[in-house]
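Student: Join the two chains into one complex using the hints; note that each chain is given alone, in its own frame.
Below, each chain spelled out in residue letters.
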Amino acid sequence: MEHSVQEVSFHHEPEGDVVKKIIKTTIILSVITVIELGLGLTMYAFPMAAGLKLFIKGVIVILSLLKAFYIVGVFMHLGDEVKNLIMTIIVPLLLFIWFIAAFLWDGNSWKVLRNTYHPQAVEVHEGGEHH
Amino acid sequence: METKWWSGGKSPFNVEYGKLMMWYFLMSDAFTFGAFLISYGTIRFSQNYWPDPNVVFNAFPFAGHANLPLAFVSLMTFILIVSSVTMVLAVHAGHKNDKAGVIKWMIWTIIGGIAFLSCQAWEWTHLITGDHAVLINGQIEEIGTTVTRNPWGPAANVAAHDGHHVGTTGPVAFGGYFFGITGFHGFHVFSGVVINIVMLLMTMNGVFERKGHYLMIEKAGLYWHFVDLVWVFVFLCFYLI
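Residue numbers (numbering that gives the first Met the number 0), protein chains in the order written: chain S, 0 to 130; chain Y, 0 to 240.
Next comes chain Y alone, as it looks inside the complex (with noise of 0.2 angstroms):
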């Protein structure tokens, strides 16, 4: 009788060791992530009041004072969907061992990574820098989002005397668990443009020519998908709810 089990003398998963052991760390990464927000959703459930991200994240380079609420995140979210499609086509590029679209496409994909970390340096410093009337012991001060302060509290009862609308500090936690987690994604998409430069380097050497087929890209693909996957949870997790 035949039997739909791995019978032997051959891949039982059908996949090159390297991509399963990929899709095995982006597994694990997963957990790493999951840990990191869960962690972040415990602690925001413990709390009476946390900041509204529609107030804190309204800012767009060069709109001065307007309010945009998640407009950026959303440009920030759209360059790596794009940059995600376009390693799609350099993957496909490479099934048809089409050299010069693997290198159009991967070029792309770089430069959309690195407009998206471009954009999230911009997002860092003006949240660390933009400083917000707060009141801390009866007292007005102007603080920065921080791992330490957070100027994103509740209303204060008092306005300042240029009629300036005064907070109070909202929980610590805040910036911590924003930079911490953005940051390690950020981490995750720098090291995702330095392996995709490197592929580009190597695809343009010939490597993968000479050896035949591009896994390779196809690697370095899952990794930047997964970067893109992850997003989705940040995005989530810490723009929209």
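One chain only, chain S, in its complex shape (with noise of 0.2 angstroms):
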């Protein structure tokens, strides 16, 4: 593939823009990990109902998918490369959408038969002792 270097094109930002555009991804990508540990440690300093747990996780969740747009848009240049090779990698990825409903629907279904048919095997697994 000794060709393929000179058929690639190559553009460059002037230097000044390229730094300062690292510069403020990393305070970025800082501020955001800051949030997501003041909201973690929210979670565990206040109590608080299952839902709102629930909906600080969401939160959390989406700010660690921006995260990673960050990482891969800016970071690994994604984002500057051409659009269809762009979508050879992130057409792939949407298999997660079904991978992670499916396997979390599996976990909990798996849950509630248990508690269901078979809550004695609960209680010995939870307390811990049996007698």
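Everything labelled a hint here was simulated from the structure, so no lab data went into it. Every residue gets a Cβ at the ideal spot worked out from N, C-alpha and C, and that includes glycine. Nothing false has been slipped in among the hints.
Chain Y side only, calculated, beta carbon under 10 angstroms to chain S, not exhaustive:
| no. | residue |
| --- | --- |
| 1 | L25 |
| 2 | L36 |
| 3 | G40 |
| 4 | D227 |
Tutor: Right under this line is the structure:
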């Protein structure tokens, strides 16, 4: 594949812009991480309803996806590639939507079935002692 | 009529072969990590009780028994973010054919990677050797967190004679998933450090200078950023939620 390098054209942004973008992204990633930690510690420090806790966890998941977007888009420069290349990476990853939904659903169903039809197994496991 | 489709005679994705293949390798690696994390999610969703990460991960080196939830893992996260930034700067120096710049930033990236691995070694040691009193079959036993034992269960209805809290055992899968997935990630960090050291030596020997481009640094950089990217999700799944 010796010839491939010559066929590829590069475009470089001006020096100052690149470094500015890197610093900006670093700050964004750090700030998001601090917010995530703050939310995590809030759940630990204050007793709250299960629904609210679930909502906060959802917010943390969305913030993590935002971090992933910045790492892939800016640090890995995927945003600067040809659109079709981006699509060959992103489209297969859409399988994760089904993958996550199906398997978490499966796990939950497992719990419900065990609690319904074999509650004593749960008690033994949960309580640690059984006499 | 002019078309926007690829018309031959040039690289269709305008990217070097090795870099394209690195992207596809990383995509497949994302599925491997994804499968591990989703499997962990399935087991966690199937349990009535799961340990609170704020309780499990509250230790800091040289801080004794101070309760510092997630402090140490935050430090590890920042180390990895910073090493990702120094890697971007190494790639950027490579674009400018700045050999000294590449060497400087690669050294910082390697230091960041080694620092992260050292932190992980401390965290694992602390978890495995840190004993906690739990009630097992009516007896109080002191156990650490391993792939077969988990002291992070719900509180027991008894107290130890010295007044310490006594717990019960938690779901066994906790240790297996924690050590398995953070171990697999740590192995990626380790191989990333090895790759970065090889890149550093090649840069110092002038290999890329003679080639006229630093594309290898870019490919190593993609791998290193991916390791940081995976940590975002490991951090999310094991420590935050």
